[in-house]
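*Asks:* For reference, the chains in residue letters:
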Amino acid sequence: GAVVSQHPSWVICKSGTSVKIECRSLDFQATTMFWYRQFPKQSLMLMATSNEGSKATYEQGVEKDKFLINHASLTLSTLTVTSAHPEDSSFYICSASYYGYTFGSGTRLTVV
Amino acid sequence: AQSVTQPDIHITVSEGASLELRCNYSYGATPYLFWYVQSPGQGLQLLLKYFSGDTLVQGIKGFEAEFKRSQSSFNLRKPSVHWSDAAEYFCAVGVHGNTPLVFGKGTRLSVIA
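Line order of the protein sequences matches chains F and G.
Quick note on the working numbering: the first sequence kicks off at 1 and runs consecutively.
Quick note on the working numbering: the second sequence kicks off at 1001 and runs consecutively.
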């Protein structure tokens, strides 16, 4: 139980385009989900906390207009990287809490 | 705010040798404590967690961790390391389900023959 599915696993996009990453809780309802970013050989940095039915809470330094988070249902949160640039290339991971924390498998974003 | 320190950036052990990865946390109360493992290009896999109760926690893949309140530590151990254990290990701290985990910087484990 407590599975979080994240899609896509990897994506390559052109600079200036937008990319949407989905995070679904498959067998539980997640009122809160978390989005992390991980640079190569570094730890996970919290980007934002996503709450169902309300606006996401962004960490200091994270551009909310660039990283749009939508948590429209109890099982789905999405992260949209708008007008992506090469410096947005990274590994993005979502997480939901259900008797512990469950992580998605991550999305490798490469912006060319 | 809580914080997590993993003092060892990189550790190399011989296959079959014992392993201990250190983790210290800073928080006013007893937080929830976790150890995750990440292979290159992969997501996170939960090794074990501590919420309360017995301070020695058994996890998957033969790992265990011991919570020591007096030292604010939650060190990960394995008696005999296998080559497949080579990966990045993250210690993390949480307060409750609606707050995010805070991660240490990670310890990279290399295993040599």
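Incorrect hints may appear among the rest.
Claimed, not checked - Away from chain F, derived, C-beta distances all over 10 angstroms, residues of chain G:
hint, residue
1, 1008
2, 1029
3, 1046
4, 1059
5, 1061
6, 1092
7, 1098
8, 1108
Claimed, not checked - Listed next, the in silico DMTMM-like pairs over lysine to aspartate or glutamate satisfying Cα-Cα at most 20 angstroms (straight line):
hint, chain 1, residue 1, chain 2, residue 2
9, G, 1068, G, 1015
10, G, 1049, G, 1066
11, F, 41, G, 1008
12, F, 20, F, 65
13, G, 1105, F, 52
14, F, 20, F, 52
15, F, 41, G, 1085
16, F, 41, F, 52
17, G, 1049, G, 1020
Claimed, not checked - Simulated DEER-style distance windows between Cβ atoms:
hint, chain 1, residue 1, chain 2, residue 2, range
18, F, 83, G, 1077, 42 to 48 angstroms
19, G, 1058, F, 41, 26 to 32 angstroms
20, F, 59, G, 1012, 29 to 35 angstroms
Treat the hints as calculated values from the structure; they're not laboratory data.
Virtual Cβ for every residue (Gly too), placed ideally from N, Cα, C.
*Asks:* Hint compliance check: list the failing hint numbers for this structure, sorted ascending.
*Replies:* 3, 6, 7, 8, 9, 13 and 16
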